[in-house]
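**Q** The chain contents come next:
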Amino acid sequence: MGDHVDLALECRDVTKRFGKTLANDHVSLTVRKGEILSVLGENGSGKTTLMNMISGIYFPDAGQIFVDGAPVTIASPKDAFDLGIGMIHQHFKLVDVLTAAENIILGLPGKGRLNMPQIVKDIQALTGKYGFELDPNQKIYDMSVSQKQTVEIVKVLYRGARILILDEPTAVLTPQETDKLFAVLRNMRADGHSIIIITHKLQEVLAISDRVSVLRKGAYIGTVDTASATEGSLTEMMVGKKIDLNIDRPAPLEPRRRLSVRGVHLKNAEGRHLLRDVSFDLYGGEILGVAGIAGSGQKELLETIAGLSRAEDGSEILYYAPQTQPEAAAGAAKAQTPSPSEGAAADDADGTDGATAIPADAAASGDHTVPDGPGKAAGPTDAATPYGAASDGATAIPLTADGAAATDLRSLRPSDIRRLGVRLSFVPEDRLGMGLVGSMDLTDNMMLRGYHSGRGAFLDRRTPRDLALRIIDRLDVSTPGVTTPVRRLSGGNVQKVLVGREISSDPTVLMVAYPVRGLDINSSYTIYRLLNEQKQNGVAVLCVGEDLDVLLMLCDRILVLCGGEVSGVVDARSSTKEEIGLMMTGKVTQTA
Amino acid sequence: MGILVIFIQKAITQGIGILYGALGEIVTEKSGNLNLGVPGVMYMGGIAGLMGAFFYETNARTPNGAMGLAISFLCAFACSLLGGLIYSYLTISLRANQNVTGLALTTFGVGFGNFFGGSLSQLAGGVGQINVPVTGAAYGKIFPGLASMGPIGTIFFSYGFLTYLSIVLAVCLFWVLFRTRVGLNLRAVGESPATADAAGIPVTKYKYLATCLGSGLSGLGGLYFVMEYSGGTWTNNGFGDRGWLAIALVIFALWKPLNAVWGSILFGGLYILYLYIPGLGRSMQEIFKMLPYLVTILVLIVTSFRKKREYQPPAALGLPYFREER
Chain A
90 MGDHVDLALE
100 CRDVTKRFGK
110 TLANDHVSLT
120 VRKGEILSVL
130 GENGSGKTTL
140 MNMISGIYFP
150 DAGQIFVDGA
160 PVTIASPKDA
170 FDLGIGMIHQ
180 HFKLVDVLTA
190 AENIILGLPG
200 KGRLNMPQIV
210 KDIQALTGKY
220 GFELDPNQKI
230 YDMSVSQKQT
240 VEIVKVLYRG
250 ARILILDEPT
260 AVLTPQETDK
270 LFAVLRNMRA
280 DGHSIIIITH
290 KLQEVLAISD
300 RVSVLRKGAY
310 IGTVDTASAT
320 EGSLTEMMVG
330 KKIDLNIDRP
340 APLEPRRRLS
350 VRGVHLKNAE
360 GRHLLRDVSF
370 DLYGGEILGV
380 AGIAGSGQKE
390 LLETIAGLSR
400 AEDGSEILYY
410 APQTQPEAAA
420 GAAKAQTPSP
430 SEGAAADDAD
440 GTDGATAIPA
450 DAAASGDHTV
460 PDGPGKAAGP
470 TDAATPYGAA
480 SDGATAIPLT
490 ADGAAATDLR
500 SLRPSDIRRL
510 GVRLSFVPED
520 RLGMGLVGSM
530 DLTDNMMLRG
540 YHSGRGAFLD
550 RRTPRDLALR
560 IIDRLDVSTP
570 GVTTPVRRLS
580 GGNVQKVLVG
590 REISSDPTVL
600 MVAYPVRGLD
610 INSSYTIYRL
620 LNEQKQNGVA
630 VLCVGEDLDV
640 LLMLCDRILV
650 LCGGEVSGVV
660 DARSSTKEEI
670 GLMMTGKVTQ
680 TA
Chain B
53 MGILVIFIQK
63 AITQGIGILY
73 GALGEIVTEK
83 SGNLNLGVPG
93 VMYMGGIAGL
103 MGAFFYETNA
113 RTPNGAMGLA
123 ISFLCAFACS
133 LLGGLIYSYL
143 TISLRANQNV
153 TGLALTTFGV
163 GFGNFFGGSL
173 SQLAGGVGQI
183 NVPVTGAAYG
193 KIFPGLASMG
203 PIGTIFFSYG
213 FLTYLSIVLA
223 VCLFWVLFRT
233 RVGLNLRAVG
243 ESPATADAAG
253 IPVTKYKYLA
263 TCLGSGLSGL
273 GGLYFVMEYS
283 GGTWTNNGFG
293 DRGWLAIALV
303 IFALWKPLNA
313 VWGSILFGGL
323 YILYLYIPGL
333 GRSMQEIFKM
343 LPYLVTILVL
353 IVTSFRKKRE
363 YQPPAALGLP
373 YFREER
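So the sequence lines, in the order shown, correspond to chains A and B.
So the first sequence is numbered by our numbering: it starts at 90 and just counts up by one.
So the second sequence is numbered by our numbering: it starts at 53 and just counts up by one.
What the hints contain is simulated information worked out from the structure, not anything from laboratory work.
We put the CB at the ideal spot given by N, CA and C, even for glycine.
One or more of the hints may lead you astray.
To be verified - Stretch-level coverage of chain B by chain A, calculated; a stretch enters the list once three of its residues show a Cβ under 8 angstroms from a Cβ in chain A:
#1 123-135
#2 240-249
#3 361-374
Unchecked claim - Here are the simulated DMTMM-like cross-link-like pairs (lysine to aspartate or glutamate), alpha carbons at most 20 angstroms apart as the crow flies:
#4 A:Lys237 to A:Asp157
#5 B:Lys359 to A:Asp231
#6 A:Lys388 to A:Glu591
#7 A:Lys666 to A:Glu622
#8 A:Lys269 to A:Glu124
#9 B:Lys360 to A:Asp211
#10 A:Lys167 to A:Asp157
#11 A:Lys182 to B:Asp249
#12 A:Lys237 to A:Asp211
#13 A:Lys237 to B:Glu338
#14 A:Lys306 to A:Asp114
#15 A:Lys666 to A:Glu401
#16 A:Lys237 to B:Asp249
#17 A:Lys356 to A:Glu405
#18 A:Lys356 to A:Asp337
#19 A:Lys109 to A:Glu124
#20 A:Lys228 to B:Glu362
#21 B:Lys308 to A:Asp185
#22 A:Lys182 to A:Asp231
#23 A:Lys122 to A:Asp314
#24 B:Lys360 to A:Glu359
#25 A:Lys290 to A:Asp268
#26 B:Lys360 to A:Asp231
#27 A:Lys269 to A:Asp224
#28 A:Lys109 to A:Asp157
#29 B:Lys359 to A:Asp185
#30 B:Lys359 to A:Glu359
#31 A:Lys182 to B:Glu362
#32 A:Lys306 to A:Asp256
#33 A:Lys269 to A:Glu293
#34 A:Lys182 to A:Asp157
#35 A:Lys388 to A:Glu405
#36 A:Lys167 to B:Glu362
Isolated chain B (complex conformation) (with noise of 0.2 angstroms):
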């Protein structure tokens, strides 16, 4: 019981940097953006919310936790949204290919994690790990009263506001997609942005705004995995490959918010279930953290053979758009 309880809340913190990552590749994607830079832009907004962090705290003389949340945070909302930005004016603007540009995007990114995770930590005196302790505490802060009620405190109770956050996140992003004139056109434009340009939708526009911004949701996850999860330290290449997982979670939620919320949960809980299998050697942990992978292909072959035209990705998804001009 106890174990369970631990594994469960264990997944959930795996899984709400996935589930970021996913939202934001949702939003991209649906407007026909087939974005792979969303490792890149993840590590981008975590090591951007990380120096936010880390230079508030070292400039200022008594760091306030509130503050360098919301300075931590803004940075890595803006570095993130400008990785999106790079991506949708080499893809919409100059119709590069979007797959090609996503890789690009993703390494740069990587590299560029990396780089200033490097610098940083120079800086810091090169002791190898930067840490942020003042900002780190207020992400990691729970609600004290109620973390404390036994197994059901632990499981819904015991997270960061970014947590809680990502799910309130996940269900606006539902109600914006399937309920609003906004989302509507949006989804046109990821459908066939002909019909929704002859409709007089700005399918540009509408391309632009959801990729950046699908970007800067995306980078939280970033955020969230240094601040929340590593209580505010970085690591290089401490991601992993949970970019990866953001992108295969897309798949996995057939695009659809809600399905992503219980989907990174699964997913955080595959990744980590070796830990709680006894007696496994290296080779069998990597086998067993390919599952989510696993799982997702099971999702394509399934939906597959359902054929359900509901299922299928946004149907102009990596496609440039021109607009005929004859």
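Same shape as in the complex, but just chain A (with noise of 0.2 angstroms):
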């Protein structure tokens, strides 16, 4: 066991049982000093559980934990803490009305009487050897979310752990910020220290860590060389078989206006912008993707284009329905030409101004401030529909004034919205907080959305009850069946019922936020699928989403968000990451 010297944690054959669930079956797994291990699996593979055992949340049921080579017992997360292991939480730990210094050092003990004066500059020592930016004496509550992580860093770190465990620490960061944790957890681990990420981010495993460890259901798969390793190779190991990682983008066909955004303005009760001059269109058969830091308005924008919340006066949101007819449609099509005055003449009809604003759209909104320059991104300015001339060129001022009536969604109540066809699926962090109740079965739920359609004083069960089998057995949704309380579900399947219900109703507008939030591989690409498959039958979808790579593969086109400001609209086929990261912090905005 001499070889065992330079390693910093071990694990040999732990073993973790809840009830009938194994949740860990002997893994083993090691941690050598000064090394950043990468511990990769989907949801339920086990990491969160391992990691909790060498924390001392819980205890393992079999096998045993070294740390620097000596046998130990973690009994309790103190026990990890006095072997100098710390594990930052997904969750950040923190109490808002205190100052960062005051976070740092409590519960520790020490003298009775507190010199903040110095222990602001102890910490400062701390963060200054490491190239952290904290201010000990901000208070958390005026702290970003990757200050309050830094401030969880910085937390384990004055306690005088060895050993970090991060647990999705990339979640709630922007590229600029991850690039800066990174930084950091290098100057860390050059400095001794051991670090163990857990992560689904492929890309930021291979960018950061020496090895890489997998597990799988509870069993552990092996440990890789980060050199050697791909993303394929690593997908692979994770999930048991080869899986395309690519997700379908087919190109949007058709394209027809359905939601105009112009200016649109929210204030919350005292006053403070949540969005400022809001402006942008959404078309049928596109994915419109919603990039931004948490917090920068995506929320605020998908309920006040629901009407659940008012926008102020000035603001205008137009739906264009779809036409009933489809040789109306036709028709209208083929008496299209590109003469100005029939535009002008259609919209007068309508009594919008649909067309004539298309211009005027452009200039306001100002589009197009990709670094690169206006030529990558595609967008209403060349043509009235960002699809317009590439799909079929002449046709493009006829697309979006669509033959039909726009409504302001401003005067409606959010049922009359839900009625036109506009739906709204957003997934909170907790899953559960918004759309579904948690302790009613899905039947239940089905019919908390259709409850209006209802006549008489007595329930119709029946038609939630097939529309929720429809739903388990297209979306494979596993449950023991449809008297299950939602709560009973695993998150994945929660989502799918979520989505599933909101799509089931045939809307022309889907409005889904965060819909992969926490959910496995396989259950995410189930997930795109079923936009994609939104997408293809017409309908405009507007998704909000977490991980740029995905957006950037998903999305024909994504709108950033920055401080409850579009910073721009970029074409997801031609913008890279950290062209939408810059524009997320506000670091090149809009030029208008």
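Put the complex together from the two separate chains, hints included.
**A** This is the structure:
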């Protein structure tokens, strides 16, 4: 066992069981001193369970953990901390009204009387050493997510941790913040710290770690050197079979304008702007991604469109209903000529400023501020639709007019907006908070959306039950039955139900927020497939996402929000993560 | 001039009882427990102190003022601490609803006080009022020389030791809460018990200690009222709604002990203002007695508008804490 001396941590045949499920089955793992190890695995593969055993939250049923080569017993978080193991959880454990320094020393033994200036000085010495940017006197509630994460890491270091475990640390960061975090982690590695990163994101695994350990369904699959691994090989280890990582992206078919959002302002009760002058168009048959740092107005935007929040006066959210008779649409298309007078006439008939608004909108929203210049982005400047010129050049203008009357959604109640076919499916952080009632079963949750259609005093349970059965069947939801409370389902299945219910109503505009939040690869791809299906059916899909890599692969265009303002709309096919990252932080703003 | 000095002195006399209640409740609420049982706890403290003094005075051959004072002080503190313990056990260990438990404790405490008050007066011969003259005098003892120094003496030096103790207590509490590790840990428990737990702070212990000690301190308000304010006598329901005023004062003081000191004097002044305004009918008097609550509502409105996080109650106030067990 002499070769174990350079190991900071070793788990040997660690096993943990919760009831009947085997969460960790003889898992072995080694972490060397001064290395960054990624632990990779799908949801439910046992990564978090393993880390929780190392950090003392669970106690293993069998197996042995060694720290610095010596067998140890870790029965509580305090034991782990005494052994120099510190865990940074996904959900930060910080007290909002206290300063960073107060949070860092919280619960530590020491002199009863607090000498804050000295403590602040100690913390500054530590942050200077590893290159953190942190003001110890700043209150937590004034901090951004990445600053809070910094506090968490410094907190663990201040307590003398030599082995750091980070649970999905980049989930909440912009690409630039991620780079900064990785730089700090490399500094810590150079100083001899051992770092374990749990993550889903393959690119980051390849970028930061020295070795990768893979878990699958509670079992330890193996460890490879990052240098010899590829995204493909890691996925194969993780899922157990080869998976095509490319997300399908069919070209938009006959895009027609469904939503025209113009100059939307939204203020909260305190008069602070949540959305400022947001303008964009959404077309049927496309997926428009919405990117932005958490809390940049994504949720507010969707809620405003869905009628849950009321935009300020002067804002405009126009909805263009699809034509009911296909012949009429064909006729209109035939009759359309690129003559401006006809376009204007059609507008007059509609009673809206449909086509005439197009040039104005291009000027007003100034959609094109991609660093590489306007040539890279497709958008309404050169044609009436972003796809107009490319798909079928001549019919550019008629496509937007669509011959249908526009409705201003601002004057409608949420239920009326829903009836028009504008559907919102929002997956909040806790997944259940909005849209589903955890303690009710699948049938009842289906009924929540359909109760308006009911007549008479008695409930019609058959229709919603049939719908639930259809969703279970089509989306491959694994559940014991329709009478199972939604709370008992796993996260992925809950999300399938949530998205499936909205899709089932044949929407014309489908808004989804964080549809794959916390899902494993297989479930994520099911959801992507569903969204693409909707897109090909001509639905206008608005998708708020967290993972820029995915947005870039899935969407046709991406709207970037920064602090409630649109910093630009870019073509997802030709943009890079870095460009969008800069726009998210407002480093590149719109030039209007 | 003369009437103003008297008014200020009376306001302080009124305020100190409320101040004790509020100081205790601040400690309790800082741990995240909203103890609405404070009015009851103050009754318990009052009657326990009085009983201690009464039995001492009836049984001792030559009752000694200092001894009566010590006994009644300890009895009051211990009995109200016990009230806090009931509340703690129900809300912390059994995780009962804090509001319901608190209101029940108030009902219990008031009944407890009135029951033993009635029993005592029977023991004392059924005269209706119990009196502990020796101990009462000890509590009422003032600085003899200083108090006669004109208006300044009246305003600053015409009170018994409980008054000065309350000020000292407020300063100490401020120091402990905001300048020591224990205070930092306690505030963390009240703001976010899960965070405190993860940081290795024994949450349950902190909650128990803060709630019980807080109750003990609140109970001293009852003792003050019985001994110093009423000179060692008991009247059923004599206490009125001062317990609720104490809870209002906690909000008014924005959970800061030093604010509670001047706040209590303001509340005391407003509470007796009606006596100093000539020509008020009975109904108008009641409206004036409402003033402290009106002021509290005003403070609530103003702080809601200011939106400063420091002015908000502890974030976990009123919520039970479950350690996440998955």
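**Q** Mind checking the alpha carbons of A:Lys290 and A:Asp268 for me, to see if they're no more than 20 angstroms apart?
**A** 14 angstroms, holds
**Q** Please verify whether A:Lys388 and A:Glu591 have alpha carbons no more than 20 angstroms apart.
**A** Measuring from Cα to Cα gives roughly 17 angstroms; hence the hint holds.
**Q** Check whether the Cα positions of A:Lys237 and B:Asp249 lie no farther apart than 20 angstroms.
**A** 18 angstroms, holds
**Q** Has the given pair, A:Lys182 with B:Asp249, been kept, meaning a C-alpha gap of at most 20 angstroms?
**A** 10 angstroms, holds
**Q** Does the alpha-carbon distance linking A:Lys388 and A:Glu405 stay inside the 20 angstroms limit?
**A** Holds. A:Lys388 to A:Glu405 sits at ~18 angstroms (cutoff 20 angstroms).
**Q** Taken at face value, is the distance from the CA of A:Asp157 to the CA of A:Lys182 at most 20 angstroms?
**A** 28 angstroms, violated
**Q** Hey, A:Lys269 versus A:Glu293, does the alpha-carbon distance stay inside 20 angstroms?
**A** Holds: A:Lys269 and A:Glu293 sit about 13 angstroms apart, inside 20 angstroms.
**Q** Does A:Asp337 lie within 20 angstroms of A:Lys356 when you go C-alpha to C-alpha?
**A** Status violated; Cα separation ~38 angstroms.
**Q** Compare the distance between the alpha carbons of A:Lys269 and A:Asp224 with 20 angstroms, and conclude whether the hinted pair is satisfied.
**A** 16 angstroms, holds
**Q** Would you check the hint for A:Lys167 and A:Asp157, treating anything up to 20 angstroms between C-alpha atoms as holding?
**A** 18 angstroms, holds
**Q** Hey, A:Lys666 versus A:Glu622, does the alpha-carbon distance stay inside 20 angstroms?
**A** 25 angstroms, violated
**Q** Against the 20 angstroms threshold, does the CA-CA distance of B:Lys360 and A:Glu359 hold or violate the hint?
**A** 12 angstroms, holds
In summary, the structure is inconsistent with hints 1, 4, 7, 9, 13, 15, 18, 19, 28, 34 and 36 from the numbered list given earlier, while agreeing with the others.
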